[in-house]
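Kindly produce the complete structure, drawing on both the sequences and the hints.
Residues per chain are reported as follows:
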Amino acid sequence: MTIENKKGWISWFNPFKYGSDRWMFALHRLTGIVLGLYLIAHVWETSNILNGQVTWNKIMVDLDYPFGVHFGPYILSLVLVAAVYHAFNGIRLTIVENGLMLPRPYRPEYPYKAKSLSGLNNVLKIVLGIFMIAVSAIGIIYIFTGVII
Amino acid sequence: MRESQIMFLQYMTGLLILVFGSFHFLLISVLSPSPQKVLYIYSGINASHILVGGTLYYTWVKAVYSSLIWGSVFELLLTFLVYHVFNGFRVILSEIIPGGRAEKAITYILFIAGLIVFIWGTRTVVIGLGGGF
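Residue numbers (our numbering), protein chains in the order written: chain W, 26 to 174; chain H, 23 to 155.
Some hints here could point you the wrong way.
[Unchecked claim] No more than 25 angstroms apart at the CA atoms, straight line, and that leaves these computed lysine-lysine pairs for DSS-like:
hint : chain 1 : residue 1 : chain 2 : residue 2
1    : W       : K150      : W       : K138
2    : W       : K83       : H       : K126
3    : W       : K42       : W       : K138
4    : H       : K126      : W       : K32
5    : W       : K42       : W       : K32
6    : H       : K84       : H       : K59
7    : W       : K83       : H       : K84
[To be verified] These stretches of chain H come out as covered by chain W in the derived footprint (C-beta under 8 angstroms, 3 or more residues):
hint : segment
8    : 47-54
9    : 77-87
10   : 103-111
11   : 127-134
These aren't lab readings, by the way, just hints derived from the structure by calculation. Computed from a predicted structure; not experimentally measured. No residue lacks a Cβ here, since even glycine has one placed at the ideal position from N, Cα and C.
Okay, structure coming up:
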């Protein structure tokens, strides 16, 4: 049986009119796809270590200066932020989707506000959000300056 | 495998990637064998784009690939990542293209694609450990 997917994939990236969880879902998908494609490129890129010093260093430089601009740190920062977001939101999903930190089941009553979208889940979002910003900042500072905090 | 088992593994590999991925990030910073803990060092100030050092310099990356511990970390990380990424792609594609036959096709195609990435990465790790640079 085929189930119609009326709005299609475009609806994943339309978190407007919905709550913060929907935004997080959209970003989780987006970062997941980007990181997945990055993994494939990264496996290819690192396999060049077997091709000797000249090839490896040339590829490192070409990836760092793709258009004659020192671009590598920006790409790496984006990958880092995507990975950190995906990781911390993934921790939250592992907790929440397994039924932890959610309210007890209750009878749905008008106006049907989901209790699962408030309370501990929100605290978790804020705590993990703070960690996320801290880890991203440490990473970006290292990528650009080489300074390890 | 049942879908619930597949998703359980998705969560587990996710957590394992978190652990091993952290090692990977430490490797190109604090734990790098490079004496200067910075990604790139170029020659001269107005660099003619000649890499002369940094944690991504050939010598240090080669040293990492020659180490049995790091080789094992890479291999495990690769295994978890390939499962997590390609199962993630499968879930996404199954939602875009619904239907039993489509899902089977997606599963087979992504399985083969994942296997290729896994073999390609394993090849790097194994040859690197064998000293075949």
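Do the hints match the structure? See the list:
For the suggested pair W/K150 and W/K138, the alpha carbons sit about 18 angstroms apart, so the restraint of at most 25 angstroms is met. Simply put, W/K83 and H/K126 have alpha-carbon atoms about 41 angstroms apart, too far for the 25 angstroms limit, and the pair is violated. For the proposed pair W/K42 and W/K138, the alpha carbon gap of about 15 angstroms is at most 25 angstroms, so the pair holds. Simply put, H/K126 and W/K32 have alpha-carbon atoms about 23 angstroms apart, close enough for the 25 angstroms limit, and the pair holds.
For a cut-off of 25 angstroms, the pair hint linking W/K42 to W/K32 stands: about 15 angstroms separates their Cα positions. For the hint linking H/K84 to H/K59, the alpha-carbon distance of about 16 angstroms falls within 25 angstroms, and the restraint holds. Between W/K83 and H/K84 the CA atoms are separated by roughly 15 angstroms; this keeps the pair inside 25 angstroms, and the hint holds. Remark: the segment 47-54 of chain H is confirmed as covered by chain W, as 3 of its residues place a Cβ nearer than 8 angstroms to a Cβ of that chain, reaching the required three.
Using a Cβ-Cβ cut-off of 8 angstroms, 7 residues of the segment 77-87 of chain H lie near chain W, which meets the minimum of three, so the contact claim holds. For the segment 103-111 of chain H, the proposed coverage by chain W is satisfied: 6 residues have a C-beta within less than 8 angstroms of a C-beta in that chain, meeting the threshold of three. Counting residues of the segment 127-134 of chain H whose CB falls under 8 angstroms from any CB of chain W gives 0; the rule of at least 3 is not met.
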